Amino acid sequence: MAESIVKFLETWSPIDIVLIAQNFDRFLWGALTTLELTIISLLVGGILSIPLAIIRAGNNKILNAPVWLFTYVFRGTPLLVQTYLIYYGLGQFEWIRETFLWGPVLSQAWYCALIAFSLNTAAYTAELLRGSIVNTSRGEIEAAKACGFSRAMRMRRIVLPSAFRRALPAYSNEVIFMLHGSVVASTITIQDLLGVGRWLNGRYYLAYEGFITAAVLYFIIVLLVSRGFRLWEKHWLAHLYPQDAVKTKPKKGLASFRI
Amino acid sequence: MKFRKLITSLTAAALMLGMAGLSAQAADLRVGVEGAYPPFSWKESDGTLKGFDIEIAEAVCAELKRKCVLVEQDWDGMIPALLARKFDTIIASMSITEERKKRVDFSDKYYNTPAKFVAKKGSGLKITTAGLKGKRIGLQRGTTHQCFMEKMFPEAELVLYGTQDEVFQDLTIGRIDAQFSDSIAADDGFLKTDAGKDFEFTGGDQHDEACHGPGAGMAVRKADTKLRDELNAAIKALRDNGTYQKINAKYFDFDIFGG
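Residue numbers (numbering that gives the first Met the number 0), protein chains in the order written: chain R, 0 to 258; chain H, 0 to 258.
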């Protein structure tokens with residue numbers, strides 16, 4: 000039975016499905032590398048972006064200028080260029096190759112990609128959060144002041160929680176951009192999802208098989224990410240929806256969610 | 000009425016332009032070349048293409064009395080681009096192999112040189128299954144060398160690059176233990192340059208008939224048997240009238256046509 004299916008596919012399928020099936024484990028490893036790089040960069044970049052956003056939203060000119068420059072440079076240049084500069088660029092300097100950072104970190108393609116991606120997403124996320132912080136409703140801040148909250152406490156208890164929530168829909172875009180941007184890793188020898196597609200193309204000279212498989216897997220990941228964000232938004236932004244929408248609780252399961 | 004006249008004349012003009020375009024295309028021979036594989040092809044700082052492959056391409060065009068249009072193409076997209084009619088033939092040091100013959104047709108070989116490993120002087124790297132186990136071997140994605148390594152040394156860790164230049168760059172700064180490529184490309188493109196002064200060939204000539212094939216040929220689409228025959232005749236004519244030997248002498252101190 001299995002043999003006749005293979006035979007049928009080999010004869011009639013326009014793309015070589017058997018070859019894809021034989022190498023599917025490679026694609027899954029590639030997808031794992033892509034997810035790993037994307038998630039860790041988003042975590043590192045996300046943590047970095049919070050203080051940067053607070054500085055950008057504040058009035059301190061001395062701190063503001065370098066952070067502005069950082070976000071301007073990283074948002075103003077392509078991710079591919081940033082990655083090349085870190086991977087090929089830094090390696091050019093002998094003194095960098097002699098530092099302790101070279102062996103465990105900068106000589107590894109994976110860490111170079113991680114650094115580039117983290118800084119890139121930190122820059123975008125910082126600007127996104129800054130907008131969200133600046134737009135916090137004045138009433139909430141005044142109420143906090145009236146209750147005797149200090150500046151730091153206002154930021155921690157009132158402004159940031161509300162800003163994070165309001166930034167969520169825009170941040171889901173940043174997550175998807177980062178996932179798509181992570182294909183850059185394949186240009187510096189990392190076998191991510193696209194890297195495996197390129198490997199297949201390089202080994203068997205079949206462009207469709209490798210790239211369609213990679214595209215389908217990217218698509219599935221993006222679908223899951225955007226669904227996840229929808230649910231998250233429903234939960235964290237419930238207070239911003241019309242009240243009766245909150246009262247009529249969704250029926251059992253996820254069926255009643257608009258996805 | 001006037002409007003109809005306008006349309007008629009416009010159509011006529013468009014037809015004439017179209018025909019002019021067609022006839023120009025028939026006269027031009029569009030050749031896919033790489034431009035990052037010295038001494039066979041490289042790009043000068045002013046953007047002009049130079050190298051053995053480029054001169055052979057131009058000599059072939061002169062022999063066929065057709066105008067050469069050189070089209071630059073990244074290596075791993077070379078065959079797909081030929082099939083997509085971005086150009087009519089590939090003259091880019093492409094080895095004739097069974098795997099590639101499934102997709103394209105080849106002319107007779109126009110040169111044949113052995114493949115070799117390059118490692119740091121005194122590295123003591125043993126070219127055996129045990130010696131290469133877990134070693135990071137850099138090579139260009141989509142080459143016959145990828146096929147060779149995966150077949151003969153599956154336990155080595157392959158690091159795949161888009162261009163040969165990038166392989167040499169990472170070998171210099173120690174991100175990979177050795178590289179595997181055509182010996183001429185490694186000798187002229189790297190070992191004879193300043194960057195390659197601390198490196199040497201190791202392990203002698205490597206050859207696997209199934210992977211490496213009879214040598215480098217010019218690829219054409221399967222249906223283009225006429226062009227293939229013309230290319231064969233041109234290669235033979237260049238060998239007979241001494242043009243090949245003249246070009247050969249500019250780049251190499253021995254005849255790279257092979258036995």
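Keep in mind that the hints were calculated from the coordinates and are not lab data. What you are looking at is a predicted structure, and each value in this text was computed from that prediction instead of being measured. Watch out, some of these pointers could steer you wrong.
What the hints assert, rightly or not - Here are the simulated DSS-like pairs of lysine-lysine, each with C-alpha atoms no more than 25 Å apart in a straight line:
no., chain 1, residue 1, chain 2, residue 2
1, H, 66, H, 85
2, H, 66, H, 191
3, H, 100, R, 6
4, R, 6, H, 101
5, H, 245, H, 191
6, H, 100, H, 125
Hints, verified against the model:
no.	hint	verdict
1	66(H) to 85(H)	holds (16 Å)
2	66(H) to 191(H)	violated (34 Å)
3	100(H) to 6(R)	holds (22 Å)
4	6(R) to 101(H)	holds (19 Å)
5	245(H) to 191(H)	holds (22 Å)
6	100(H) to 125(H)	violated (33 Å)
Comparing the model with each earlier hint shows violations of hints 2, 6; every other hint is respected.
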